[in-house]
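Colleague: The listed protein sequences correspond, in order, to chains Y and Z.
Okay, so the first sequence: first residue is 1 according to the numbering used here, each after it adds one.
Okay, so the second sequence: first residue is 103 according to the numbering used here, each after it adds one.
Everything labelled a hint here was simulated from the structure, so no lab data went into it.
Any given hint could be a false lead.
What the hints assert, rightly or not - Just a sample of chain Y residues kept apart from chain Z, beta carbon distances all over 12 Å, derived:
1) S9
2) E30
3) M43
4) L99
Said to hold, decoys possible - Distance windows between CB atoms, simulated:
5) Z:E197 with Y:F5: 20 to 30 Å
6) Z:E165 with Y:L95: 41 to 51 Å
7) Z:P198 with Y:L23: 41 to 51 Å
8) Z:S145 with Y:K96: 22 to 32 Å
9) Z:W141 with Y:E101: 36 to 46 Å
10) Z:S154 with Y:T38: 53 to 63 Å
11) Z:R117 with Y:R33: 15 to 25 Å
12) Z:G155 with Y:F5: 21 to 31 Å
13) Y:E94 with Z:E197: 33 to 43 Å
14) Z:D167 with Y:R59: 17 to 27 Å
15) Y:M43 with Z:D124: 19 to 29 Å
16) Y:F5 with Z:G222: 40 to 50 Å
17) Y:L95 with Z:N217: 36 to 46 Å
Ideal placement from N, C-alpha and C gives every residue a C-beta, glycine not left out.
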Amino acid sequence: MDAVFKALSDPTRRGLLDELFRLDGQTLSELERGLPMTRFGVMKHLRVLEEAGLVTTRRRGREKLHFLNPVPIRLVHDRWVSKYAEPWAAGLSELKHDLEEE
Amino acid sequence: MAKVFEIYIKTTPERLWEAITDTESRRRYSFGVGVASDWTPHSTYEATHAESGLAISTGENLEVDPPRRLVQSFTALWSDDVKSEGTSRVTWEIEPVGDSCRLLVIHDELNEDANAELYGGWPMILSGLKTLLETGESLTTPGSLRYSKGFDAQKV
């Protein structure tokens with residue numbers, strides 16, 4: 001779980017996850033296009049995300065596609081939220097969601 | 103469109119396969135939904151919410167290779183909205199890694215703008231599967247409790 005928190009502690013990496021949330025299954029070149037960063041920099045951040053399990057890759061022919069894997073975030077949620085703050089956190093995040101939808 | 107879900111679970115491939123294909127085990131971590139099939143290649147399966155009897159999904163077991171690989175067609179049945187999405191595909195891949203298994207669930211052949219209800223439940227299901235295999239307990243989070251009370255309460 002340390003790897004998940006470490007990976008999420010960086011705004012560029014959170015941005016990469018947001019980008020994959022918007023459009024899943026992108027190649028390195030596609031991800032690089034949307035970021036003011038070198039190819040090497042994007043690779044480095046992707047490697048941290050992969051090591052944390054937040055990004056998984058699949059091959060399609062010669063291409064390597066990157067997918068957002070939301071499971072580790074769910075595990076963090078189930079490990080912490082359900083243990084300490086279950087009804088309150090669920091209620092508050094639903095309230096926040098409902099208010100922001102309006 | 104494809105969605106990929108990955109989780110590591112401390113268990114053997116055989117126990118993991120059993121938890122995926124046994125109706126009662128499945129019900130314990132899948133919002134109360136059990137899956138029945140004879141698990142032979144090209145057999146069909148039916149997923150049903152145990153308490154209400156509501157049909158949740160159905161499909162064909164396209165590839166059955168225990169305890170490593172299961173490929174299923176997937177037609178969601180729990181609402182008119184998801185029914186209109188047609189048929190997609192779910193692949194389960196189990197790979198032993200040391201004393202654990204890496205489980206990949208690939209939900210693909212989805213429509214480009216597929217309803218997120220179709221694949222949005224996987225993280226909760228896989229988290230519950232991990233808890234069940236590693237502790238023998240059912241995971242009780244607000245989400246899993248809400249779903250287990252019945253599928254009509256499932257407005258998210």
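Colleague: Over 12 Å to the closest beta carbon of chain Z is the bar; see if S9 (chain Y) clears it.
Modeller: 21 Å, holds
Colleague: For the range 41 to 51 Å, tell me whether the beta carbons of P198 (chain Z) and L23 (chain Y) fit it or not.
Modeller: 33 Å, violated
Colleague: Tell me if the beta carbons of G155 (chain Z) and F5 (chain Y) are separated by a distance inside 21 to 31 Å.
Modeller: Since G155 (chain Z) and F5 (chain Y) have Cβ atoms about 42 Å apart, the given range 21 to 31 Å is violated.
Colleague: Given the hint of 33 to 43 Å, is the C-beta distance from E94 (chain Y) to E197 (chain Z) inside that range or not?
Modeller: With a Cβ separation near 37 Å, E94 (chain Y) and E197 (chain Z) satisfy 33 to 43 Å, so the hint holds.
Colleague: Hey, does M43 (chain Y) actually stay past 12 Å from chain Z on C-beta?
Modeller: 19 Å, holds
Colleague: Cβ-Cβ distance between S145 (chain Z) and K96 (chain Y): within 22 to 32 Å?
Modeller: Given about 45 Å between the Cβ atoms, the range is violated.
Colleague: Okay, M43 (chain Y) versus D124 (chain Z) on CB: inside 19 to 29 Å?
Modeller: Violated: the Cβ-Cβ distance is about 42 Å, outside 19 to 29 Å.
Colleague: Do the beta carbons of R117 (chain Z) and R33 (chain Y) sit within 15 to 25 Å of each other?
Modeller: The hint (15 to 25 Å, Cβ to Cβ) is violated, given that R117 (chain Z) and R33 (chain Y) are roughly 44 Å apart.
Colleague: Hey, is L99 (chain Y) genuinely clear of chain Z, shortest beta carbon separation above 12 Å?
Modeller: Given a closest Cβ separation of 16 Å, the condition holds.
Colleague: Determine whether the Cβ-Cβ distance between E165 (chain Z) and L95 (chain Y) falls within the hinted range of 41 to 51 Å.
Modeller: 45 Å, holds
Colleague: Test the statement that E30 (chain Y) is away from the interface with chain Z: the closest C-beta pair must be farther apart than 12 Å.
Modeller: 15 Å, holds
Colleague: Given a hint of 20 to 30 Å, does the C-beta separation of E197 (chain Z) and F5 (chain Y) actually sit inside it?
Modeller: 26 Å, holds
The structure fails to meet hints 7, 8, 11, 12, 15, 16, 17 from the earlier list, while all remaining hints are met.
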